[in-house]
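**Student:** If you read the sequences in order, they're chains A and B.
FYI, the numbering for the first sequence is 1 to 124, going by this note's numbering.
FYI, the numbering for the second sequence is 125 to 242, going by this note's numbering.
Hints are computed from structural coordinates only; laboratory data are not their basis.
Note that the Cβ used here is the ideal one computed from N, Cα and C, for glycine as well.
Keep in mind that the hints are not guaranteed to be accurate.
Said to hold, decoys possible - Heads up, incomplete: computed chain B residues facing chain A, CB under 8 Å, no partners named:
#1 Ala147
#2 Leu149
#3 Gly152
#4 Phe165
#5 Tyr167
#6 Leu185
#7 Leu188
#8 Ala191
#9 Ala230
#10 Ala233
#11 Ile234
Residues per chain are reported as follows:
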Amino acid sequence: MNKTGRPLSPHLTIYRWPITMTLSILHRVTGVALSVGLLALVVWLESIAFGADAYAMVAGLMDTIIGKLLLLGWSFAFFFHFSNGIRHLFWDVGMGFELRQANASAWFVVLASVLLTAVYWFTV
Amino acid sequence: MLGSGSAKDGTEHWWAQRVTAVALLILGSWFLISIMRLDSFAYDSMVDWAGRPFNSVMLLLLSLTLAWHSALGVQVVIEDYVYGPFIKVVSLLLNRFAHAFLAIAAVVAILKIALGDS
Chain A
1 MNKTGRPLSP HLTIYRWPIT MTLSILHRVT GVALSVGLLA LVVWLESIAF GADAYAMVAG
61 LMDTIIGKLL LLGWSFAFFF HFSNGIRHLF WDVGMGFELR QANASAWFVV LASVLLTAVY
121 WFTV
Chain B
125 MLGSGSAKDG TEHWWAQRVT AVALLILGSW FLISIMRLDS FAYDSMVDWA GRPFNSVMLL
185 LLSLTLAWHS ALGVQVVIED YVYGPFIKVV SLLLNRFAHA FLAIAAVVAI LKIALGDS
């Protein structure tokens, strides 16, 4: 069926996964993660409103290893969604659509979100 | 209407998502920087921080804008992945209800802190 010897399209075995696709998926994943983060934010605000005991309990949960991992994850999700969101806003005004630009901005977003997360946790 | 697709709407959803996105760039940055600059996470200092007028206003804006943006985003995810008309409508309703609940809960908490005499 492939007499010419040329690759068929789409040919999954030689298909190179583009970085832009990973970012597109990650934008959605981090968005949903941040929606869960909204729930945590509201619980945290409510605990301050409820009083010292409630706040101590929530603060205690945040201080566990799982709590800290969640906060780290939410902070990364925020910085990623933040950076990639700016990338989307540039697209919305018609800028940065060229393949080279889209690939470059994708790697910039990866770099920026990792750096921002690291800087935030080192200064907090 | 010609050119508006079979759904006949979507522009408002799209636009609201962008407006809230831009607002959240500012509000989210404020929140993280404000938290970062706190000296203490003790209960009294948290009440003091959240109760300051400017911080209360920013927290209210953040919570409401975040709930709105989140509701719009989760709605698209449901529309994309949840099949079957019944379960889809139920999911979309629950999405709205849950986000409305979170938004109001945040408002009540922030106002209680801001107006309380503690």
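**Student:** Failing hints, ascending?
**Tutor:** Per hint list: 1, 6, 7 violated.
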